[in-house]
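Undergrad: Sequence:
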Amino acid sequence: MKRIITFVFIFIVGSSIMNSQEIDGKSTSVQHPILKDKFLFRAGLFSPFNNMTFRADGVIDTDLSEELAFDKRFGLDGVQSSFTFNFTWRFSRNYSVSADYFSVSTSKTVTFGDDIHWNGKDFDISAGIRGGYAFSLYKIFFGRVISKGEKHELGGGIGFHVVKVKGFIEGYASINNGTASFERSKVDAALPLPNIGFWYFWAPTEKWAFTARADWFGISISNISGNLWNLNPGVSYQAFEHFGVSVEYKYLNLEAEVDKESWKGNVGMVFYGPSFTVTANL
Numbered sequence: 459m460k461r462i463i464t465f466v467f468i469f470i471v472g473s474s475i476m477n478s479q480e481i482d483g484k485s486t487s488v489q490h491p492i493l494k495d496k497f498l499f500r501a502g503l504f505s506p507f508n509n510m511t512f513r514a515d516g517v518i519d520t521d522l523s524e525e526l527a528f529d530k531r532f533g534l535d536g537v538q539s540s541f542t543f544n545f546t547w548r549f550s551r552n553y554s555v556s557a558d559y560f561s562v563s564t565s566k567t568v569t570f571g572d573d574i575h576w577n578g579k580d581f582d583i584s585a586g587i588r589g590g591y592a593f594s595l596y597k598i599f600f601g602r603v604i605s606k607g608e609k610h611e612l613g614g615g616i617g618f619h620v621v622k623v624k625g626f627i628e629g630y631a632s633i634n635n636g637t638a639s640f641e642r643s644k645v646d647a648a649l650p651l652p653n654i655g656f657w658y659f660w661a662p663t664e665k666w667a668f669t670a671r672a673d674w675f676g677i678s679i680s681n682i683s684g685n686l687w688n689l690n691p692g693v694s695y696q697a698f699e700h701f702g703v704s705v706e707y708k709y710l711n712l713e714a715e716v717d718k719e720s721w722k723g724n725v726g727m728v729f730y731g732p733s734f735t736v737t738a739n740l
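Taking our numbering, the leading residue of the sequence shown gets 459, the next gets one more, and so forth.
FYI, nobody ran anything at the bench for these hints, they're computed from the structure. Beta carbons: idealized from backbone N, C-alpha and C, even for Gly. Do not take every clue at face value.
[What the hints assert, rightly or not] Listed below are the simulated SDA-like cross-link pairs for lysine to any residue, each with C-alpha atoms no more than 20 Å apart in a straight line:
| hint | residue 1 | residue 2 |
| --- | --- | --- |
| 1 | Lys-644 | Val-562 |
| 2 | Lys-494 | Lys-722 |
| 3 | Lys-622 | Ser-505 |
| 4 | Lys-665 | Val-488 |
| 5 | Lys-722 | Phe-626 |
| 6 | Lys-494 | Phe-659 |
| 7 | Lys-494 | Ser-704 |
| 8 | Lys-622 | Ser-563 |
| 9 | Lys-708 | Asn-724 |
| 10 | Lys-644 | Phe-698 |
| 11 | Lys-722 | Thr-511 |
| 12 | Lys-496 | Thr-564 |
| 13 | Lys-708 | Gly-692 |
[To be verified] FRET-style restraints, in silico, Cβ to Cβ:
| hint | residue 1 | residue 2 | range |
| --- | --- | --- | --- |
| 14 | Asp-646 | Tyr-559 | 34 to 44 Å |
| 15 | Thr-663 | Ala-501 | 21 to 31 Å |
| 16 | Lys-622 | Ile-654 | 50 to 60 Å |
| 17 | Gly-614 | Glu-713 | 16 to 26 Å |
| 18 | Leu-503 | Lys-566 | 16 to 26 Å |
| 19 | Lys-665 | Thr-567 | 45 to 55 Å |
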């Protein structure tokens, strides 16, 4: 993660130096749509690798650690393709509002070499156990331009995330050494979390634009605490007047502690990989 942060920082500073002689104000030349158009849409495919751990007051065999690494134990650590969407409305010269959505879910049936005791249930390894997870992120963000020129834009703002996470295990299980029956044990939570963020766009031509976005939040309220890093460097190409394509590298790191009736435990999630999207502008 440190290398990604360093890359984003060098990209922003380097591009700012290249544009340091530009005069802020209304552009008199043709610009890339990302710098001037009122409505921007982005939709496509995010193909992340992932690391995933859940804890739900359970243990694996006699291991004192209460965390269950879903990605490793169920073989879910490969690429998981998902849908991603972004909408931005620039309602004035310096102010905008945007919305983001991303979700991924997967599951797999495996046979373990040891017993699993999770969330109060003992799962029978000989019958095979199915495990999986689901993750959804919804974000709304209010931004203000800090610096703007003919070829660049730097801005920042505040936003609000709702992160939904779920992990489950199902199979034949017993409770307190009782008779085994088919059981489905799951943990899930919706985490409302605010964030601060910054973006930088550099468009040397009307066709090409280089972008960098960063979001962070950390909070501890009531029965929820957590933090998130979301970093997105990328490049966009305007193929037609109102349509283009973009490629980004997304990095999302979430850690949260939950103390609710439905779930007492924690979750750690890391998603990283390329995103390919189609863009539209009006």
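Undergrad: Of all the hints given earlier, name the ones this structure violates by number, lowest first.
TA: Hints 2, 9, 10, 12, 14, 16 contradicted; others consistent.
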